[in-house]
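*Asks:* Use the sequences and the hints to build the structure in full.
There are 2 protein chains.
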Amino acid sequence: MAYRYDPEIFHDRLTRDADYVTRAMDTLLPMDGGPESRLMEAMRYAALLGGKRVRPYLTLNTAALFNVDAKCALRVAAALEMVHCYSLAHDDLPAMDDDDLRRGQPTCHVKFDEATAILAGDALLTRAFEVLAEEGTHQDATVRAELVKFLAKASGPFGMVGGQMLDIVASQHELDMSEVARLQRMKTGGLIDFACVSGAILGKATDHARQKLHGYAHDLGLAFQIVDDLLDATGDVATVGKRTGKDENQGKATFVSLMGIDGAREQAERLGAQAIEHLDVFEEKADPLRDMAHFVVSRVS
Amino acid sequence: MAYRYDPEIFHDRLTRDADYVTRAMDTLLPMDGGPESRLMEAMRYAALLGGKRVRPYLTLNTAALFNVDAKCALRVAAALEMVHCYSLAHDDLPAMDDDDLRRGQPTCHVKFDEATAILAGDALLTRAFEVLAEEGTHQDATVRAELVKFLAKASGPFGMVGGQMLDIVASQHELDMSEVARLQRMKTGGLIDFACVSGAILGKATDHARQKLHGYAHDLGLAFQIVDDLLDATGDVATVGKRTGKDENQGKATFVSLMGIDGAREQAERLGAQAIEHLDVFEEKADPLRDMAHFVVSRVS
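Those protein sequence lines, which keep their order, are chains A and B.
Residue numbering for the first sequence follows this note's numbering, beginning at 1 and increasing consecutively.
Residue numbering for the second sequence follows this note's numbering, beginning at 1 and increasing consecutively.
Keep in mind that a hint or two might mislead.
Which copy is meant is left open, because identical chains are indistinguishable; a pair holds if it fits in one copy or across any two.
Stated by the list, open to error - Below are the DSS-like pairs computed for lysine-lysine, each with C-alpha atoms no more than 27 Å apart in a straight line: (1) LYS246 x LYS71; (2) LYS149 x LYS71; (3) LYS149 x LYS204.
Derived by calculation from the structure, the hints in this document are not laboratory data.
Values in this document were obtained by computation on a predicted structure and should not be read as measured data.
*Replies:* See the structure below:
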């Protein structure tokens, strides 16, 4: 049967997978009775509050391509989401983006305080690496060490954190298209790449399969960011769940400021289609990943 | 020949090992030419500025007990020091301890800015785990995964970061002796334990040897903190290299406020002697560790 995107089926699967990963994080982030329990509360607040859980969905559904044990994939998805959530808690701080709203709720430092939000972010990042290194993640320590290395690379100075620095520097300079694209690759592309390829590492997939997933991740990640810029430019806070119009207010170069709204939308659609082409080799098993590409291009929040 | 503490020989060895680890970090924290290079500058500033490098010394000299390849031990020592330095950069932030002086120099957020100091800390922590997981650290991936797990546990919510939270909460409550001791175990004890036992993990030492090193680390770490409290209470900024008198100004319970200056000094000496007793099994190979126990008790900065 030919593939067809059914938003309803996709949203059911996305919600189901989000529940799985939230429950996994709930187990992996236990409370503690001591006076320092405020830290665990803040970690749990930052991690469990919600969100679409796009990255975990990618990990779970690429792992399924290679028949990886779902319990292992879920631990990797949870670790990845902890890193994503730590980065949001730190990015929202007054010294950084100074955001008070995230997913329609007060940000971590507003709900708690700055010191607690900094520490909760630190602790989520640390816990993520611990989870990857624990035996439950994979029986083969080579796989566990590779996952640690890969996630660290994707989220470190040459990945996500470097991208965040570039984003701050960028607000004082006029970036051109290649610089905006480089910013995206570092700031958000690395984690999406990890999300898509970690399933292949868990499943000890061939280099060919990994390359296909790298390609999918690249196009999907770029499309995701372009749509994010579109939502910031055209969405309203009630729908998007965070402040909008920030980029334009800050005079920041984005895909939208560089390509215009129509150009950006066309480019996102082109990339979505291109992302799907990388998946041919996996046949119908990759339908959940095809769905994600459709969703990324058509999402309104 | 009977063991005798020679401060001169010890200081030469401490300086030599500090140079080794600083050079290792210099290699492991490369600069980058992009506009985000400010991040790497700040990472390098926070990590390379100096410090006694007590933790790396412990790793290098416990690894030597088990004839571990010095290149491997140096990578672990460097990763550990990156975690220590990240924690200082974050602890010094205005939202936390608000310190402007560290090792006699402006703290990271004073030299750069708050956002950069937060990101530099995040990136140092991330890079530390990457270094541990890389093949160069040990040929056996089981060892690498165990090191990641151990360092994460020592520095995460139930270790260093939890201890920092407890420290913040503690400034609003009167702690008793057992709570102050628990704070120390979490905030500084975990990393010292990792420093002493990681060499045994690298060398695949027996459980018995590990237990001895855990014991040494426990007593040494406690002695170190008591002397830190003594220096804060009695030292001056020029000698100590950071603001002193903070604990008393903040009305914070410390080992000194609970035991008095003489009681604290006696307790530190007792712990130093006790730390050394754990080392008998290693005979004269452990002399550098005996030296460290003497130094910790007698240090003035």
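*Asks:* If the cutoff is 27 Å on CA atoms, where do LYS149 and LYS71 land: within, between, both or neither? Let me know, please.
*Replies:* Both: 21 Å inside a chain and 19 Å across chains, each within 27 Å.
*Asks:* Please sort LYS149 with LYS204 into within, between, both or neither, judging by C-alpha distance up to 27 Å.
*Replies:* Both, since 16 Å and 22 Å are each at most 27 Å.
*Asks:* Is it within, between, both or neither when you check LYS246 against LYS71 at 27 Å Cα-Cα?
*Replies:* neither (39 Å within a copy, 48 Å between copies)
In summary, the one numbered hint that this structure violates is 1.
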